[in-house]
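Student: Letter by letter, the chains look like this.
There are 2 protein chains.
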Amino acid sequence: MALIRSVFQDELDSVSQSLVDLTSMVSASMEQATTAILNSDLNLAQEVIAADEKIDDFQHEIDARIIDIIARQQPVASDLRALVTALRMSSDLERMGDLSHHVAKIARLRHPDPAVPTELIQTITSMGSAAVKITNKTGIVITTRDTDMALEVERDDDEIDNLHRQLIGVLIEPTWKHGIETAIDLTLLGRYYERYADHAVSISRRVYFLVTGKFAS
Amino acid sequence: MALIRSVFQDELDSVSQSLVDLTSMVSASMEQATTAILNSDLNLAQEVIAADEKIDDFQHEIDARIIDIIARQQPVASDLRALVTALRMSSDLERMGDLSHHVAKIARLRHPDPAVPTELIQTITSMGSAAVKITNKTGIVITTRDTDMALEVERDDDEIDNLHRQLIGVLIEPTWKHGIETAIDLTLLGRYYERYADHAVSISRRVYFLVTGKFAS
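Which chain is which? The protein sequence lines are X and L, in order.
If you count by my numbering, then the first sequence holds residues 1 to 217, one letter each, in order.
If you count by my numbering, then the second sequence holds residues 1 to 217, one letter each, in order.
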């Protein structure tokens with residue numbers, strides 16, 4: 001029994017490590033997508049778009065492993081909850097990859113024109129850095145199950161929400177001179193970063209709940 | 001063994017019925033959100049916003065039941081896959097509820113002003129009807145596991161994508177006279193309907209995969 005238990009624990013740790021690897025892939029993807037959109041870098045945008053398939057494949061592989069562990073080990077109580085939570089986290093991460101992909105697609109659509117006008121470069125730069133920072137912390141939360149850091153991720157999300165409000169504020173200023181099409185792009189971009197960060201928060205909340213049995217508030 | 005098997009089948013059917021009930025709640029929510037935004041109906045918008053909590057609670061209840069069934073019945077192979085798929089479908093449905101809620105929040109934010117200018121009322125009306133139609137079909141797909149209808153849902157989604165393109169087309173016309181703020185609202189609205197329908201497609205694809213073992217293409 002002790003042996004089976006230990007194999008199970010190894011399998012759980014290996015799933016957790018894969019989720020951390022997926023987190024790194026997603027973080028790199030958003031970092032590159034942000035660089036691509038700020039520099040109108042078509043090649044980098046294409047790379048991000050192509051990498052999304054790798055993220056999806058890796059997610060499917062992780063999910064198949066989790067389902068296989070449930071079928072073979074028939075875990076109950078907290079072990080089963082940890083595995084179901086892992087399925088949900090992989091789904092959050094896959095969606096974060098989609099959102100980086102959406103950012104890269106706007107870069108590709110507008111290339112060779114810049115998608116982001118000069119007065120919003122700082123805001124998008126900051127949204128991109130905040131998104132990468134929050135993803136990296138989320139990876140640490142998955143590894144360490146550090147509940148304080150899980151709450152920190154929640155606070156970091158407020159930073160992205162503030163930047164998002166700033167962005168919309170610039171778009172609706174009477175001095176906005178870049179027209180509706182650019183405003184539409186920027187509205188969607190803002191939404192993509194915001195949703196991306198929401199999924200990171202959701203992962204941290206899931207870890208928090210797993211460890212404490214309580215919802216983070 | 002036959003008895004246990006039959007209890008398990010009953011439990012699976014009951015989960016399936018709850019997912020159909022959740023689908024109806026989500027469909028009603030999007031129908032009301034669309035009416036609220038078209039008629040600037042603040043009370044109805046508030047109702048939709050309040051009902052989102054009921055949708056979330058019901059989803060949590062369904063998920064807890066699914067996890068309890070996995071723990072007690074320790075299903076393998078196709079039974080386990082069906083239950084994992086049910087978890088994913090409940091998560092899609094919960095997100096569809098969030099998106100109706102977002103539509104209602106735009107209605108509330110702009111009230112007493114209309115959020116949708118006259119020339120886009122027809123497009124939003126059609127997006128709303130298409131969203132409700134696709135959700136109701138999704139409910140039938142969950143009940144009947146009808147793979148032809150699952151593919152139909154996929155085609156219905158093209159209708160929403162077309163309407164979405166029409167919407168953006170109107171926003172970027174040089175004759176657009178409602179300013180940036182309204183364009184931002186309509187960009188987000190279009191995105192909400194599009195994502196809502198994407199989740200319905202995702203549910204139908206999951207059923208298709210469960211029945212055929214193949215991805216719908």
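Keep in mind that a hint or two might mislead.
[Unchecked claim] Calculated from the model, a selection of chain X residues having no Cβ within reach of chain L, i.e. all distances over 12 Å:
hint, residue
1, V7
2, L12
3, L42
4, D63
5, D68
6, R72
7, D92
8, S129
9, H178
10, T182
11, G190
12, Y192
[As the list claims (entries may be wrong)] Pairs of lysine to any residue residues, derived as SDA-like cross-links and limited to a Cα-Cα distance of at most 25 Å, are as follows:
hint, chain 1, residue 1, chain 2, residue 2
13, X, K105, L, D185
14, L, K105, L, D57
15, X, K177, L, K54
16, X, K54, X, D21
17, L, K214, X, F215
18, X, K214, L, K214
19, X, K137, X, F215
20, L, K105, X, A50
Hints are computed from structural coordinates only; laboratory data are not their basis.
A virtual CB, placed ideally from N, CA and C, is assigned to each residue, including glycine.
Student: Each of the hints needs a verdict: does it hold here or not?
Tutor: Tested hints:
1. V7: Per Cβ check, V7(X) is outside 12 Å of chain L; nearest 17 Å; holds.
2. L12: holds (16 Å)
3. L42: holds (22 Å)
4. D63: violated (8 Å)
5. D68: For D68(X), whose nearest Cβ neighbour in chain L is about 10 Å away, the distance does not exceed 12 Å, so it is violated.
6. R72: Per Cβ check, R72(X) is inside 12 Å of chain L; nearest 8 Å; violated.
7. D92: violated (10 Å)
8. S129: holds (24 Å)
9. H178: Non-interface label on H178(X) violated, nearest chain L Cβ at 10 Å vs cutoff 12 Å.
10. T182: violated (10 Å)
11. G190: violated (9 Å)
12. Y192: violated (10 Å)
13. K105(X) x D185(L): holds (22 Å)
14. K105(L) x D57(L): holds (20 Å)
15. K177(X) x K54(L): violated (44 Å)
16. K54(X) x D21(X): holds (12 Å)
17. K214(L) x F215(X): violated (37 Å)
18. K214(X) x K214(L): violated (39 Å)
19. K137(X) x F215(X): holds (19 Å)
20. K105(L) x A50(X): violated (35 Å)
Violated hints for the displayed structure, listed by number in ascending order: 4, 5, 6, 7, 9, 10, 11, 12, 15, 17, 18, 20.
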